[in-house]
Structures are given as C-alpha cells and as structure tokens.
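Okay, here's what each chain looks like letter by letter:
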Amino acid sequence: MREHMDTSERLQQVFRKVFQKDDLLVSASTTAKDIRMWDSLTHLELIAAVEEEFNIKFSFSEVMQFNAVGDMLVALSRKSGEI
Amino acid sequence: MIFNSLIFLCFVVVTVIINYLLPERFRSFFLLFCSLAFIGYYNIESLLAVLVFSLFTFYISRNIRGNRLLYIAGILLNAYAVIMFNYFFATRQGFDFSYAAISFNVNSFIIALGLSFYALQNISYLTEVYFGRWQPELSFKNFVLYNSFFPKVVSGPVMLPREFMPQIDRNVITHERLAAGFNRFLLGLFKKMVLADRLAPAVHSIFDFGDANCGLTTLAGAYLFTIQLYFDFSGYTDMALGIAKMLGYDLKENFNLPLRASSVSEFWRRWHISLISWFTAYVYYPLVYRLRSYKKAAAVAGILATFLISGIWHGIGITFFLWACCHIAYLCFELLTKRMRSGLSEKPSYLFYKLAGIFIVFNAVSFSNIFFRSGSLSSALLMIKSLFSDFFPAGWLHDFIAPLAVGGHQVDEFNFYISIFMAAAFLLFERRINRIANSGGFSFYYTTACVLLIFLLGIFSNGERFIYMQF
Numbered sequence: 001m002r003e004h005m006d007t008s009e010r011l012q013q014v015f016r017k018v019f020q021k022d023d024l025l026v027s028a029s030t031t032a033k034d035i036r037m038w039d040s041l042t043h044l045e046l047i048a049a050v051e052e053e054f055n056i057k058f059s060f061s062e063v064m065q066f067n068a069v070g071d072m073l074v075a076l077s078r079k080s081g082e083i
Numbered sequence: 001m002i003f004n005s006l007i008f009l010c011f012v013v014v015t016v017i018i019n020y021l022l023p024e025r026f027r028s029f030f031l032l033f034c035s036l037a038f039i040g041y042y043n044i045e046s047l048l049a050v051l052v053f054s055l056f057t058f059y060i061s062r063n064i065r066g067n068r069l070l071y072i073a074g075i076l077l078n079a080y081a082v083i084m085f086n087y088f089f090a091t092r093q094g095f096d097f098s099y100a101a102i103s104f105n106v107n108s109f110i111i112a113l114g115l116s117f118y119a120l121q122n123i124s125y126l127t128e129v130y131f132g133r134w135q136p137e138l139s140f141k142n143f144v145l146y147n148s149f150f151p152k153v154v155s156g157p158v159m160l161p162r163e164f165m166p167q168i169d170r171n172v173i174t175h176e177r178l179a180a181g182f183n184r185f186l187l188g189l190f191k192k193m194v195l196a197d198r199l200a201p202a203v204h205s206i207f208d209f210g211d212a213n214c215g216l217t218t219l220a221g222a223y224l225f226t227i228q229l230y231f232d233f234s235g236y237t238d239m240a241l242g243i244a245k246m247l248g249y250d251l252k253e254n255f256n257l258p259l260r261a262s263s264v265s266e267f268w269r270r271w272h273i274s275l276i277s278w279f280t281a282y283v284y285y286p287l288v289y290r291l292r293s294y295k296k297a298a299a300v301a302g303i304l305a306t307f308l309i310s311g312i313w314h315g316i317g318i319t320f321f322l323w324a325c326c327h328i329a330y331l332c333f334e335l336l337t338k339r340m341r342s343g344l345s346e347k348p349s350y351l352f353y354k355l356a357g358i359f360i361v362f363n364a365v366s367f368s369n370i371f372f373r374s375g376s377l378s379s380a381l382l383m384i385k386s387l388f389s390d391f392f393p394a395g396w397l398h399d400f401i402a403p404l405a406v407g408g409h410q411v412d413e414f415n416f417y418i419s420i421f422m423a424a425a426f427l428l429f430e431r432r433i434n435r436i437a438n439s440g441g442f443s444f445y446y447t448t449a450c451v452l453l454i455f456l457l458g459i460f461s462n463g464e465r466f467i468y469m470q471f
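Protein chains in written order, with our numbering: chain B, 1 to 83; chain Z, 1 to 471.
Source of the hints: derived by calculation from the structure; they are not laboratory data.
Every value quoted in this text rests on a predicted model; they were computed, and no experiment measured them.
Please note that a few of the clues may not be correct.
Pairs of lysine to any residue, SDA-like flavour, derived with a Cα cap of 25 Å [said to hold, decoys possible]:
#1 B/Lys-17 / B/Asp-6
#2 B/Lys-21 / B/Ala-32
#3 B/Lys-33 / Z/Asn-434
#4 Z/Lys-141 / Z/Tyr-20
#5 B/Lys-21 / Z/Asn-434
#6 B/Lys-17 / Z/Asn-434
#7 B/Lys-33 / Z/Tyr-20
#8 Z/Lys-354 / B/Lys-79
#9 B/Lys-33 / Z/Val-283
#10 B/Lys-79 / B/Arg-36
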C-alpha cells in the first residue's frame with residue numbers, strides 16, 4: 001500500500017514537472033480531459049518523463065491504452081512486480 | 001450518383017424499405033449488393049478496382065500476423081492506390097489513365113477518388129491484424145461491406161475495424177433509429193442545398209476568376225469558403241450517418257462544432273475527426289513513440305510527418321503542400337507556446353481569451369484554405385497579395401459586395417444577404433439544431449421547416465458536387 005502511495009506521489013511530481021504547474025493534483029481517476037495541457041501533442045513527452053523517473057520502458061500498446069492516471073499506476077505496479 | 005441527386009434519393013428510399021422488410025440475417029448480403037451496385041453505377045472499372053484491392057487485402061490479412069514483408073507489401077499497395085487516385089484527380093480533366101488492364105476515363109473519376117477513403121480503411125485493417133489487435137475476418141462479404149459500405153465509401157467517415165465490423169451481423173432497425181436517421185439525413189440535405197451551395201457562387205467568383213479584388217472582398221471570399229467547406233462536408237457526413245442509421249449501422253461522428261475551436265489543435269479534434277484520428281493512430285503516435293526521448297522535437301517531427309502525409313493524401317501539388325505547411329506552422333507554434341497560453345487562459349478574462357482564440361483560429365484556417373481551394377500557386381499568391389494591399393479602397397462598400405453577389409443586380413445582392421443570414425443563424429444556433437436532428441422522434445415542425453427551406457431556398461439547378469468527393 002505504502003509503495004502504491006509512493007508511486008502516485010512520484011507520478012504526481014512528474015505531472016507537475018512536465019506541465020509546469022506546482023499545484024497540480026492528480027488521482028487515479030484523472031484523465032486527459034481534466035488537464036488542459038494533456039493532449040496528443042504532450043502525451044508522449046509525459047510518457048518519456050514517467051519512464052525516466054521510474055527507469056522503465058512502456059510498450060507502444062501500453063502507451064495507447066493510457067486513458068487515465070489509474071491505467072499508468074496499474075502498468076507501473078505491474079512493471080515493478082516484474083522487476 | 002451524387003448524394004443530393006434525385007436518383008440517389010430514390011436509391012436510398014428503396015434500399016431502406018427493402019432492408020427494413022428483410023429478415024436480419026439477410027441484411028448484410030443485401031447491403032453489400034447495394035454497395036457494389038452503387039460503385040458499379042459509376043463504372044465497372046471502379047467496381048473491379050474495389051474487388052481486386054479487397055481480394056488482395058483480404059487474403060494477405062489471413063497470413064499477415066508477424067509477417068513484416070507481407071504487411072509492408074499490403075500497405076504499399078493500398079498507399080499506392082491512394083496516390084494513384086489522387087494523382088489522377090490532380091490532372092483534372094480530358095484524361096485517360098491506364099492502370100494495368102483497367103482504364104479510367106474522366107467520367108469514372110468520382111468514385112475512383114473515393115477509393116482513397118476506401119484504401120485508408122484497408123491500411124488500418126491490415127495494421128490492426130498485423131499487430132494482433134484484431135482477428136482476421138473470415139467472411140469476405142463482411143470485409144468488403146466494412147470497406148465499401150455505400151454511405152461512407154465516397155467520402156468517409158473513415159472507420160476502424162473495431163468500430164464497424166462488430167455491427168455487421170447485428171443489424172438492428174427500430175422506429176426510433178429510422179426517425180433519427182431520417183432527421184439527420186434531412187439536416188445534411190439542408191446544410192448542403194441551402195447553406196453550402198448558396199455560398200458556392202460567391203466563393204467561385206472570388207477564387208476562380210483571377211480578378212484582382214480589394215483586400216476586404218478577398219478576405220470575405222476566404223471566410224466564405226471555410227464556411228462553405230464546413231457545411232458541404234459536414235452536410236455530406238450528416239447524410240451518410242443518417243442513411244447508415246436507417247440501414248441499421250452507426251457511423252462515426254466526423255465534426256463537432258469545429259468553427260468554435262479556440263486553438264488549431266482543438267480545431268483538429270473537431271474537424272474531420274475520423275481522418276485525423278486515423279493519422280494520429282497510424283502515423284503520429286507510432287513515430288512520436290519511437291522518438292519520445294527527444295521530447296518536444298519528437299512531437300514536432302510527428303506533426304510534420306502527419307500533415308505532410310495528410311497534404312499528399314488530399315492531393316499531390318504545391319497548393320496542398322503549402323496548406324499542410326500552414327497547419328504544421330500553427331501546431332508547432334501552439335506546441336511551443338502551450339505553457340504561456342495555458343497561463344493566459346486562466347486569467348479572469350477567460351471569455352475574452354476564448355472569443356479571441358475562436359477569431360484567430362478561424363482566420364488561420366481560412367488563410368490556409370486559400371491554398372486548399374486555389375487551383376494553382378499563382379492564383380493563391382494573387383489572393384494573398386490582394387489580402388495585404390488596398391484593404392479599403394475608394395468606394396469600397398460597393399466594390400466589396402459586387403464580386404460576392406454574383407450577377408450584379410439588386411436581387412442578387414438580396415440573395416447573397418439571405419445566404420449570409422442563413423449561414424450565420426445556423427452557426428449561432430447550431431448546437432440546438434443538432435440536438436433536434438439527433439433526436440429519435442419524428443417531428444412535424446422540424447421536417448416541415450427543413451423541407452420548406454430546401455424547396456424555397458435550396459439550390460437545385462447546378463447540381464454542385466460535394467467538395468470532398470475529389471479526395
């Protein structure tokens with residue numbers, strides 16, 4: 001559970017850094033619709049930053065299925081389980 | 001058989017009635033037959049081309065999984081089809097084009113050009129199957145119905161396999177769906193015949209005569225073309241969606257109030273949605289995914305590739321290339337100033353920011369459409385030159401209206417004002433009108449209003465073709 005909390009906090013920091021908004025709050029249910037700057041032009045910049053932070057690589061089909069922050073959390077916990 | 005021609009209306013009425021009366025399991029066979037008949041009506045060569053390309057794509061799709069060579073061959077063949085058909089249009093007229101044993105002549109070009117929409121669906125089908133996201137279709141009938149269903153074969157919407165194929169054998173027609181389809185069809189007919197075609201003469205007069213008009217007139221011509229293109233193409237889409245619904249299938253929405261977009265990236269999420277989502281899925285994302293470590297440069301490369309290919313898809317020529325360059329420049333500008341603009345939009349003057357955004361986007365899109373509409377680079381440059389010179393010459397009020405109100409008589413001016421009034425009123429109340437057109441009940445007032453306006457104000461005589469039929 002603690003690890004999960006850490007993951008979401010770290011993810012939140014990545015979002016704040018990429019979108020340059022220090023008060024940005026993200027939860028598992030946050031989608032691209034909730035963050036004005038999150039669109040197809042910035043999606044992969046965000047993905048690259050998440051990959052860098054967690055030192056992992058997402059596959060193309062994983063990236064295409066990220067509709068909400070929750071999807072990223074699930075993929076991240078699966079990847080950390082694999083490691 | 002153009003969508004707003006009498007023969008097409010008869011074809012639709014007969015198809016809808018027979019399809020409704022048929023048992024559900026026979027409907028897909030019947031609709032396939034009608035679709036092939038629709039294509040064959042233009043000419044037998046187009047029908048042959050559809051069958052040959054379909055047969056080839058269908059058979060390679062069954063062995064394509066993991067076979068890169070076969071996948072590339074399939075993509076190249078279909079991409080070649082797009083280029084071949086568009087190249088054919090680029091030469092425009094008086095032309096015989098021989099491809100293997102099939103000879104296309106000028107009378108056959110309309111449907112042949114529609115095949116560039118058809119080919120996009122084949123490419124998406126091959127890609128989905130190759131990457132294991134979709135099982136190869138076992139029935140050739142279902143596959144051909146997917147890529148050639150007649151309401152969408154000429155100008156889209158472009159459907160992905162998962163969006164259309166699951167519907168094929170579940171053809172459900174209820175009275176509510178029939179009424180909703182009818183309402184939508186009527187809306188499309190209204191947009192085409194009353195709004196788009198009434199603006200066509202003014203646009204034609206500004207773009208096609210090569211006269212040096214004053215800046216204000218040229219600006220009005222560019223604005224009117226953007227509005228005409230929107231009503232023409234979204235009207236076509238409404239008709240396609242309406243017919244498909246009456247025949248038991250749902251097609252994808254292609255427009256979502258695009259002229260209200262306050263950024264160009266938002267515009268592309270609202271305009272020709274099915275095409276841009278095709279390009280996003282199969283060109284933009286795969287490329288940017290590979291280059292993602294380069295951050296913003298990756299997105300710039302993605303925009304560049306997407307719009308250059310989209311430009312070629314629309315037609316090979318310098319004007320479409322420059323149209324694409326405009327949108328590349330707009331989107332790169334938006335990407336690089338995103339943070340700054342995001343800060344602006346959160347200020348208290350949000351409404352002002354939004355309205356200013358809508359105005360700027362409309363101007364930017366209209367400017368790019370000068371290239372899109374102009375027949376040649378020289379006429380596009382002439383228009384741009386006149387945009388920036390002599391904006392308010394002496395007697396501008398008269399000179400401004402005269403070239404737009406084609407004919408020169410007072411009644412022509414009056415006619416032109418009616419067209420402008422209708423278009424403006426529609427754009428203002430568009431959301432409300434769409435809501436009525438999408439409702440599932442038969443409305444006496446709505447139907448009467450549409451039919452009356454079409455008969456009173458619609459253009460019947462010149463049989464304007466739909467602009468997007470050429471692509």
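Hint-by-hint comparison with the structure:
1. B/Lys-17 / B/Asp-6: holds, 17 Å
2. B/Lys-21 / B/Ala-32: holds, 15 Å
3. B/Lys-33 / Z/Asn-434: The hint holds at about 23 Å.
4. Z/Lys-141 / Z/Tyr-20: Roughly 20 Å separates the two Cα atoms, so the pair holds.
5. B/Lys-21 / Z/Asn-434: Since the Cα atoms of B/Lys-21 and Z/Asn-434 sit roughly 37 Å apart, the hinted pair is violated (cutoff 25 Å).
6. B/Lys-17 / Z/Asn-434: violated, 41 Å
7. B/Lys-33 / Z/Tyr-20: violated, 40 Å
8. Z/Lys-354 / B/Lys-79: violated, 42 Å
9. B/Lys-33 / Z/Val-283: holds, 23 Å
10. B/Lys-79 / B/Arg-36: Answer violated: B/Lys-79 to B/Arg-36 is near 28 Å, above 25 Å.
The earlier numbered hints that this structure contradicts are 5, 6, 7, 8 and 10.
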